[in-house]
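Protein chains: 2
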Amino acid sequence: MANISERSPDEAVSVLSENAEQRNDLNFCQACSVRNRAICADLDDHEVELLNGIGRRRHLDPGETLLWEGEEAIFVANVVSGVMKLSTQTSDGREQILGLAYPSDFIGRPFGETSPYSAGALGEVVVCVFRRMDFERFAHEHPRLERKLLERTLSELDKTRRWMLLLGRLNAEERLATLLLEIFSRNTAPMCGSASPQDNDHFELPMSRQQIADILGLTIETVSRQFTKFRDEGVIAMSGRRTVTVRRREVLEALAK
Amino acid sequence: MANISERSPDEAVSVLSENAEQRNDLNFCQACSVRNRAICADLDDHEVELLNGIGRRRHLDPGETLLWEGEEAIFVANVVSGVMKLSTQTSDGREQILGLAYPSDFIGRPFGETSPYSAGALGEVVVCVFRRMDFERFAHEHPRLERKLLERTLSELDKTRRWMLLLGRLNAEERLATLLLEIFSRNTAPMCGSASPQDNDHFELPMSRQQIADILGLTIETVSRQFTKFRDEGVIAMSGRRTVTVRRREVLEALAK
DNA sequence: GTACCGATTTGATCTGCCTCAAAGACTGCA
DNA sequence: TGCAGTCTTTGAGGCAGATCAAATCGGTAC
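Chains as they are written, first to last, in the numbering used here: chain A, 1 to 257; chain B, 1 to 257.
Keep in mind that the hints were calculated from the coordinates and are not lab data. Among the clues, some could well be false.
Stated by the list, open to error - Restricting the straight-line Cα-Cα distance to at most 20 Å, the calculated cross-link-like pairs of lysine to aspartate or glutamate (EDC-like) are:
hint, chain 1, residue 1, chain 2, residue 2
1, A, 159, B, 45
2, B, 229, B, 253
3, A, 148, A, 221
4, B, 148, A, 141
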């Protein structure tokens, strides 16, 4: 199981420290690429300004970990750009990726003592970080935010449960088809906020083969063989290891249950 | 995959009809066995009375389905007694159980058009059912309930993600150990509201071998072999098919990751 | 260009779980 | 008490995906 975490939990407390990132401009949020899609979408300008006051922009390098499973849940955050992975581990070190967080997605565990998962950057990531306590207080005072959080959490639960079907019942081919379609749709979605807008039939994989394996509950070898199979069958084409062109979308859709 | 649903979706709309169950007494909730643990726990007596006015008690026979995946989300409910299963299916009919709902657990999908899963009774079940629309309106007017719903949903999400680790990374032995411990702890928990309080080392399985297989993402044969293995190793003892005595709890705990 | 190194692919073999089949054990009912 | 039907257990064999091992690829530093 790959462990791409590079910093110790202790260092995480520096995320909001003085030298980590300067205080946001007052109208920072207004220019935010996820302003209208993130959890803050329903807030009016005044409320956003208040929220702005308790949050900080933070850049994460590839592999850097923002939240540590089992550690005190100090932060919550919004993903502004890039892709993060949420993961958990067995006591003997096997890793399972629980999901991916794309721009505008909310991560962290409000109203909880410890973080139920680790959250790490897959590539370059920008997040908007809040101290959990500050965020909770703000949510209490602004029911629209709390409401939005509830809706988000409910749809996150739906998404997570759909993923259980993949882990419990789909074979390797079906799992990879499902993931490719999900990444494909995320990348071609309007306003995705990722670094480079994609053409409409190819995209960059935001993670390595090992990480794909962790996401799908497979081994790296099985994932690699499935890629080769899709390529040989003309379902996808690859240039380099991370650029995928979807040639026969209907085949992937028939496989993704 | 076993499909224990016995009624068509159309019949579900009769759940709240006049002949389904009589209107609750005004102080019905006060006597409710899950009053202090369910989502209504934070409400004061007056609020509970109002909530009482929009809910109905409903009895479900074993195998009866309350919510249908993909159908319009008409109801939400609290489990009062018994155990329900939440499940989803692939397009070609493979079933995956998403989780179990015990007394005081909330089921259904507020703020959603369609139900993301099916919910069926494993044994005899009593639920407290609300029309989704009524419940949503009530929640809006009573932030304490909405707040409670948020907390519930967040911890449900935690629980679901932990289950993903089981489906993605644990072997058959580890999966069954995990399930046995979960059922064990649910049954020996104080105030569990189930039909018969259990002694502290044995309990009744609330579901068949096939259902256990669906929950764990295994086949019935594999589940049966694991039961036999645990029995032969002296980890558990069985009397009949559904009564389990835990003899070496530490072995199960070492296996459950 | 060339050497190096980690990531990926490919090959060979193994194994845990599934599938198919049949026997055995409960449960309800006559 | 015996019978039928269903659920569960057990057995035999197969296969998808894991494991172990080695070759190849891609990027990069020199």
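Going down the list of hints, with the structure as the test:
This hinted pair does not check out: residue 159(A) and residue 45(B) have alpha carbons roughly 36 Å apart, beyond 20 Å. A C-alpha spacing of about 16 Å is found between residue 229(B) and residue 253(B), which places the hinted pair at or below 20 Å, so the restraint holds. Of the pairs offered as hints, the one joining residue 148(A) and residue 221(A) is violated, with about 41 Å between alpha carbons and a cut-off of 20 Å exceeded. Our distance criterion of 20 Å between C-alpha atoms is met by residue 148(B) and residue 141(A), whose separation comes to about 16 Å.
In summary, the numbered hints that this structure violates are 1, 3.
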